[in-house]
Amino acid sequence: QQQVKQSPQSLIVQKGGIPIINCAYENTAFDYFPWYQQFPGKGPALLIAIRPDVSEKKEGRFTISFNKSAKQFSLHIMDSQPGDSATYFCAAGPYNNAGNMLTFGGGTRLMVKP
Amino acid sequence: ETGVTQTPRHLVMGMTNKKSLKCEQHLGHNAMYWYKQSAKKPLELMFVYNFKEQTENNSVPSRFSPECPNSSHLFLHLHTLQPEDSALYLCASSQGIGTRNSPLHFGNGTRLTVT
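Chains as they are written, first to last, in my numbering: chain A, 1 to 114; chain B, 1 to 115.
Just so you know, these hints were derived from the structure itself, not from any lab. Check before you lean on any hint, since a few could be wrong.
[What the hints assert, rightly or not] Straight-line distance between alpha carbons at most 25 Å, and here's what the computed PhoX-like set of lysine-lysine pairs gives: (1) B:K19 <-> A:K5; (2) A:K71 <-> B:K52; (3) B:K36 <-> A:K57; (4) B:K36 <-> A:K58; (5) A:K71 <-> B:K41; (6) A:K68 <-> A:K5; (7) A:K5 <-> A:K57; (8) B:K40 <-> A:K5; (9) B:K22 <-> A:K42; (10) B:K36 <-> B:K19; (11) B:K22 <-> A:K5; (12) A:K57 <-> A:K68; (13) A:K113 <-> B:K22; (14) A:K42 <-> A:K68; (15) A:K42 <-> B:K40; (16) A:K42 <-> B:K19; (17) A:K113 <-> A:K42.
[Stated by the list, open to error] A few chain B residues that don't get close to chain A, going by computed Cβ distances all over 10 Å: (18) E53; (19) S71; (20) A87; (21) N108.
Here the structure is a predicted model, which is why all the values come from computation and not from measurement. Cβ atoms here follow ideal geometry from the backbone N, Cα and C, with glycine treated the same way.
My request is simple: use the sequences and hints to build the entire structure.
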């Protein structure tokens, strides 16, 4: 089974810091890389996604950096806030069939201290 | 308010019980999924339905039995479960298998405890 390796498992930063979560994938056919955010007691929700035709994508304070040659991508949260405390999951799969072929990373539990 | 609703939110059952989890989506999607979320493990895809037809069964034990009567409703019937089946069971939907840019929309899950 194709894996997506996510690190770190947990992360603690101070308010205003820039947490970085990294993911690495194996399947070179993957061309869709979403990040999901999950708050306690809630299901995961799509946060931001990138395709390999660009090396970076920003949406508000969230940025994905993508390195196709290294088969790695990362999530950066600028000016992190306590409300960003959640578990973050990266995933990878084919863009034209993402629904049933996403492979998820193991998750990163982020805590942003006030 | 999520477009994918799961009931019950919490369920405690003995190993000899039979229970069902219910999922309903209000997004007009055609594909529905069951995922298992265990502590310190990646999300595990269990079953996929596309236009009410099962398209994926990821080697899930037969004590889990899915049912999809229509594109809006999905059930997971449980019987003779084991304690290691305790987990958060997530339902998700998307526009349809093979549809481009069709992200998954998750419900809030059912927290299952098998005693």
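Could you work out which of the previously given hints the structure breaks and list their numbers from low to high?
1, 2, 3, 4, 11, 13, 14, 21
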